[in-house]
Each structure stands twice: as structure tokens, then as C-alpha cells.
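A.B. asks: Model the full structure from these sequences, guided by the hints.
Under my numbering, the first residue of the sequence shown is numbered 4, with each subsequent residue one higher.
Note that these hints are calculated values from the structure, not bench results.
Remember, predicted model here, so these are calculated numbers, not experimental data.
The reader is advised that the hints may include incorrect statements.
Simulated pairs of lysine-lysine, PhoX-like, Cα-Cα distance not exceeding 20 Å [as the list claims (entries may be wrong)]: (1) Lys614 to Lys109; (2) Lys490 to Lys47; (3) Lys273 to Lys319.
The following label-pair restraints were derived from C-beta to C-beta distances [as the list claims (entries may be wrong)]: (4) Val155 to Ser551: 53 to 63 Å; (5) Pro364 to Ser278: 37 to 47 Å; (6) Ile80 to Ser422: 23 to 33 Å; (7) Thr513 to Ala224: 49 to 59 Å; (8) Phe581 to Ala536: 18 to 28 Å; (9) Leu386 to Ser267: 27 to 37 Å; (10) Ser422 to Glu580: 22 to 32 Å; (11) Phe581 to Asn511: 31 to 41 Å.
Just so it is clear, CB atoms sit at the ideal spot from N, CA and C, and this is done for glycine as well.
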Amino acid sequence: MLDALRKGAGTWLAKIFIALLIFSFAVWGVSGFLTGVGQNTAAKVGDTEVTLMDLDRVYRQDLNRISQQVGRPLTPIEGSALGIPQQTLGKLIAEAALNDTATSLKLGVSDERLARIIQSDPAFRGLSGNYDRNRLQQVLQNNGYREDEYVVERRKVAERGQLAEGLAGGMKAPAAYLQAFDAFQRETRSVDYILVTPDYVGEIEDPAEDVLSNFFQDNLAEFRAPEYRAVKFVELTPNALARPDDISEEDARSEYEIRKADYSQAERRKVRQMSFPSAEDANKAAAELAGGKSFDDLMAERNLSSNDVALGTMAKADFLDEAIGDAAFSLAEGETSGAVDGRFSTVIVNVEEVLPEATQPFEDVRDAIVTELANEQAEREILDLLDEVEDARAGGALLDEVGERFSLTVQTPAAFDASGQGVDGTAVALPDADGLVAGTFESDIGIENDVLQMGDQGFLWYEVSEVTPSRDRTLDEVRDDVIAAWKREELDRRMDESAADLLSKVENGTPFIALAAETGLAVQPAQGLTRTAPSGNLGRDALEAVFSGPVGTAASTASADGSGRVVLRVTGSTVPEFDPSAPQVVALGNQVSQQIQDTLLGQFITDQETKAGVEINNAGVTRILGLDNN
Numbered sequence: 004m005l006d007a008l009r010k011g012a013g014t015w016l017a018k019i020f021i022a023l024l025i026f027s028f029a030v031w032g033v034s035g036f037l038t039g040v041g042q043n044t045a046a047k048v049g050d051t052e053v054t055l056m057d058l059d060r061v062y063r064q065d066l067n068r069i070s071q072q073v074g075r076p077l078t079p080i081e082g083s084a085l086g087i088p089q090q091t092l093g094k095l096i097a098e099a100a101l102n103d104t105a106t107s108l109k110l111g112v113s114d115e116r117l118a119r120i121i122q123s124d125p126a127f128r129g130l131s132g133n134y135d136r137n138r139l140q141q142v143l144q145n146n147g148y149r150e151d152e153y154v155v156e157r158r159k160v161a162e163r164g165q166l167a168e169g170l171a172g173g174m175k176a177p178a179a180y181l182q183a184f185d186a187f188q189r190e191t192r193s194v195d196y197i198l199v200t201p202d203y204v205g206e207i208e209d210p211a212e213d214v215l216s217n218f219f220q221d222n223l224a225e226f227r228a229p230e231y232r233a234v235k236f237v238e239l240t241p242n243a244l245a246r247p248d249d250i251s252e253e254d255a256r257s258e259y260e261i262r263k264a265d266y267s268q269a270e271r272r273k274v275r276q277m278s279f280p281s282a283e284d285a286n287k288a289a290a291e292l293a294g295g296k297s298f299d300d301l302m303a304e305r306n307l308s309s310n311d312v313a314l315g316t317m318a319k320a321d322f323l324d325e326a327i328g329d330a331a332f333s334l335a336e337g338e339t340s341g342a343v344d345g346r347f348s349t350v351i352v353n354v355e356e357v358l359p360e361a362t363q364p365f366e367d368v369r370d371a372i373v374t375e376l377a378n379e380q381a382e383r384e385i386l387d388l389l390d391e392v393e394d395a396r397a398g399g400a401l402l403d404e405v406g407e408r409f410s411l412t413v414q415t416p417a418a419f420d421a422s423g424q425g426v427d428g429t430a431v432a433l434p435d436a437d438g439l440v441a442g443t444f445e446s447d448i449g450i451e452n453d454v455l456q457m458g459d460q461g462f463l464w465y466e467v468s469e470v471t472p473s474r475d476r477t478l479d480e481v482r483d484d485v486i487a488a489w490k491r492e493e494l495d496r497r498m499d500e501s502a503a504d505l506l507s508k509v510e511n512g513t514p515f516i517a518l519a520a521e522t523g524l525a526v527q528p529a530q531g532l533t534r535t536a537p538s539g540n541l542g543r544d545a546l547e548a549v550f551s552g553p554v555g556t557a558a559s560t561a562s563a564d565g566s567g568r569v570v571l572r573v574t575g576s577t578v579p580e581f582d583p584s585a586p587q588v589v590a591l592g593n594q595v596s597q598q599i600q601d602t603l604l605g606q607f608i609t610d611q612e613t614k615a616g617v618e619i620n621n622a623g624v625t626r627i628l629g630l631d632n633n
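C.D. replies: Put into C-alpha cells, the structure is as follows:
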């Protein structure tokens, strides 16, 4: 998760997004409205300071927010790796630049207006939905702020809002801009294409020995043997400690009697139920049943299917309506009841099958009971034995000594590489302990490693017993793999050449139908293509080519699955009529307008920072963020 966040934060799109966030927060003050006043300065813009207390509070808010997204607390060093300190400080400097500008322009907010702003904040609404002063005091107290501090900062937020509204508040995206975006998103194109496949190229013969040898030398690293490591380990799990032979027959039988209900199944019945709109209708149907009609006859008369009447196979306790359950369990197999007054309606029930009560005999479940009792006994012992093993390890005992002293098996799986694969290329059977493979390759022979957790109740100790360094393999060791790799590369080369030859003919005016007759390859049409939705053999590379030029554009790309080559020509383009009132255009307009406003405001902030000058107390910032040792 952290790696993904770190990589994402480094892209140009993320940088732009972060910059826009900083500008937006600077104006609206969403995360910075609860700030205090301190004596030490983190940064200064013109005559306006950002205190170290400001920085500390807001940074911790930002760090906590990202920690919640990651799912665990982040350390200051991890936060720094994600760029959180830089974002926080940049946000506060941008706010200070706007505050400094607002002061120089003598912007202000009346007390009455400020009171309305505070009272309309949803964070301060009580259970009634209206402003609640007690709620205000509670929120401020929970965040460690005094009311006067909050009022001062809220006034600054309002002043920044005035400045932002005056600069960019009413700016809208131009209609021509939206039309271009809309056309880009909704344009569809049609193409004709020919698919060059491996079958078209034909079988690739084995290379000559000198060709194979040269290919092997050029790609030596690809066939290099990785480093392999062997380990020995000891597991401390309930299964490893369990001693089934210690469980007596008497104990097993006693447990069976205690849990006998777990091995028993109450009588069940397969029941059908027919509901009636009134008791009168039910009684009439019951009379017809008494006169010789069957339940199936009634179903046919009322056009009911099996699904309409089936309740399934149920025990008596499964019935929500006791009256119906009593009726169903009073009947013999195949019998039908009379009218039954149920809780919600009057019904008639029919019993299709009776499944009698059954109990598994002790002999059938003895082994399972013994295993469970042995594991329960082992679970009670495992933590005590954990401490004893750790004490022995701390005293210098090796795994072989630990195994012998505590009657634990020392296991030695086959050597494996950093991906857990063995020398034969298959996965080595290793215990399910997080960090075993990674820890093996971070450790070395003779180094004592930390105990690893296995599941909820297990532990594992391991030692590196052997290291086989990475090495260059000989051609004879990997001949088959080298031949297969050469054939794959040669196939790709020949398909590329074939596709390039066909593309050249298309660009010189040869019709696709003529190419089809010449090559035996079918001409395939594709319609309704968009920039973002791959279709059939046309993947993202093909779509990029389709929209790279006007109608008539020809190109060659890999097929969607990469197994072939596509030679295509754009045959048509359709751009839907632009409708400014369409929902997607309105949403796009709001988004683009906000981006334009944020960009303009960002440029203004940058200009104000340049004019006023920005000073940063690097030592103080480093200290307050806990990065002194970074």
C-alpha cells in the first residue's frame, strides 16, 4: 500500500492534483481552520507567519488522515517518504500568502457575518439539526482549541474566501473548450483491419548452433541461475504439539456425551404448503381432499407449480409459525392436512417425505474428537513452551538442540529462490509463515532470526543452512529454454515484418480486399470504437493508432492479447452533436471550471509568494516533524 502511494505521488498527474489540493485548502481552509498561535516560526510570507505549532497540528492531522487510508499508523519517516510534510508546509505557506494579501488589501468580515458563518457550519449542529453552542465547545475541546483561537482563524478563512471569490469565483469553462472535451470523449470510429497471426507466419524452425550460441550470449542474464537458499526450521503449532495418544477412551466418550447434540440431527420433513385467501376457501379445499382429491389435483386446479408450494426440508424448530409446524409433524409421509389457521393465512400442508432423527455413533466420530481434544490440550501448552524455546534461543541453543530438547521436529525443505521456487522451477512446500522467504534472503548462515507468527496460535523459528550463489548457466543446462526464447523472438520479428509489409501496401493504396485475396487473411470490420474501450482484437495500442489521425489513417500495432499483429485503416468517424445542457457536459463543465479557478488562484498565490518573499526555518521544521534522524 505504501509503495503504491509513494509511486502514485511521483507521477506528474499526482503532482498537479496535490498542487490543486494545496491551493484549494489554502482558500477554503478545510483542514487548517483549527490552528493556534505560537511563538516559534516555521515559515514567513511577507509579514505573516506560520508558527511551528501551526505546522505540528496540521501535519499530524494530515498524517492521521493518510494513516486511516493505509490502515495503520505511519511513522514520521514513512510520512516523509510519501511527501506529506512538504504538502502540509506548502499548504500553510499558501494560506499565509493569501492572509498576507488580504491584510494588505484591508479585507475584513463583520462580526455579524462571521457569526452566521460559524452558526451555519454543519459540524456545530446538535440533535435538532440547528446550531448548538454546546456542540461547538465540545468540538473545540476535543481538538484542544480555545474558542477565541477558532474565531480568529475562521475570520482568516472567510477573508481568504473573499479574495479567492474575487479572483476566480465566477470563472467558467469556455463552451468551445467543453465542446472539444466532449468530442474527444464521445467520438466513435470505424476501421477495417487484417490480423496477422502466428499461423500466417508458419512454424519457426530451430536455429543453427552459432545463431543459438550468439543469442544465448546476448541474453545471458535472462538465463542466469538465481541465488538459492536452504533453511531448517522448527514449528510450534497445536498440530505439532498435539499428542492424541494421551487422550483416553473415557475422555473421548465423555466429550461425545457432552456434545452429542452436535452429532445428532432432528427429524426433518419435506413439506409443501398451499395458502388460501380465506378460511372459507381453505375449508372448501379440505373438504375436496377428504372427498378423494389429492394435493397435486388442488395444485393443478389453482395453476400452482412446485416452486409455489415447496417449503423445503425442515425440522420442527425451523417453522416460524408453530401451528403449521405442529400440523406438518402430526402427519405421516404422503399425508395432507386439513385447513390450518396459520399466523398470516389459512393453509393446507402436505408431507412428501419424512427423514427420521439420526445420531452419529461414537465409533464414527471418535478420531475427530480425539484430535480436537489433543489440539485443545496443545493450545493450552503452547504459550508456556514458547517462552521456554525463546529462553533457550537466547541462551545460544541452535535449532537442532531446540528440537531435541523440546521434542520438536527440525524440518529441512528443498532450497528455494527469492520467489519461493525450487531448483526445478516449482514452488517449494514451505510453512505458511509471513516473512519466511523474505527473511531468509535478508539473513545469512549463523544469524539468529526473529520468531515468525504462524496463523493465530503458531510460531516458527528458522536458520539459513546453505547459500548457493547466483551464477551464469551453460547453454547445455538451459538449451530447451534458450531455443524456446529464440523462437518467440523470431516469431515476433517475422510477424512485425509481415505487418510492416502489409501496412506499406495499404499506405501505397492497395485495397484491403486485394490484400485479403493475396494473403488469405480475412478483412474484419470494427465499428463504434472509442478511445477508452478496447474491442476484440483491438487493444489500447490499436485504439491509440485509430485516433492518431484523420479518416484514412493506417497503422500497425500488436493485437489486444499480444499474440498477433493488427494492420488497420480508419474508415469513418462520428462526433455526436454537442449539447451544453446534457448531464455529462454540465458535470464536465463544473469540473473544468473548478480546475481553471484553482489554476488561476495557484498562479496568483505563487506570484504573491514571490513578491512578498518566503522564509523557511528548516531546522525548526525538521525538528517539529520528527525528521532529525532522517
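A.B. asks: Would you mind marking each hint as holding or not holding in the structure?
C.D. replies: Going through the hints against the structure:
1. Lys614 to Lys109: Satisfied, since the Cα-Cα distance of roughly 18 Å is no more than 20 Å.
2. Lys490 to Lys47: Given that 20 Å is the threshold and the Cα spacing comes to 65 Å, the pair is violated.
3. Lys273 to Lys319: 11 Å, holds
4. Val155 to Ser551: 53 to 63 Å: Holds, since valine 155 and serine 551 (Cβ atoms, about 56 Å apart) stay within the stated range.
5. Pro364 to Ser278: 37 to 47 Å: 41 Å, holds
6. Ile80 to Ser422: 23 to 33 Å: Check passed, 28 Å falls within 23 to 33 Å.
7. Thr513 to Ala224: 49 to 59 Å: 43 Å, violated
8. Phe581 to Ala536: 18 to 28 Å: At 21 Å between Cβs, range holds.
9. Leu386 to Ser267: 27 to 37 Å: The hint (27 to 37 Å, Cβ to Cβ) holds, given that leucine 386 and serine 267 are roughly 35 Å apart.
10. Ser422 to Glu580: 22 to 32 Å: 55 Å, violated
11. Phe581 to Asn511: 31 to 41 Å: 37 Å, holds
Going through the hint list in order, the structure does not satisfy hints 2, 7, 10.
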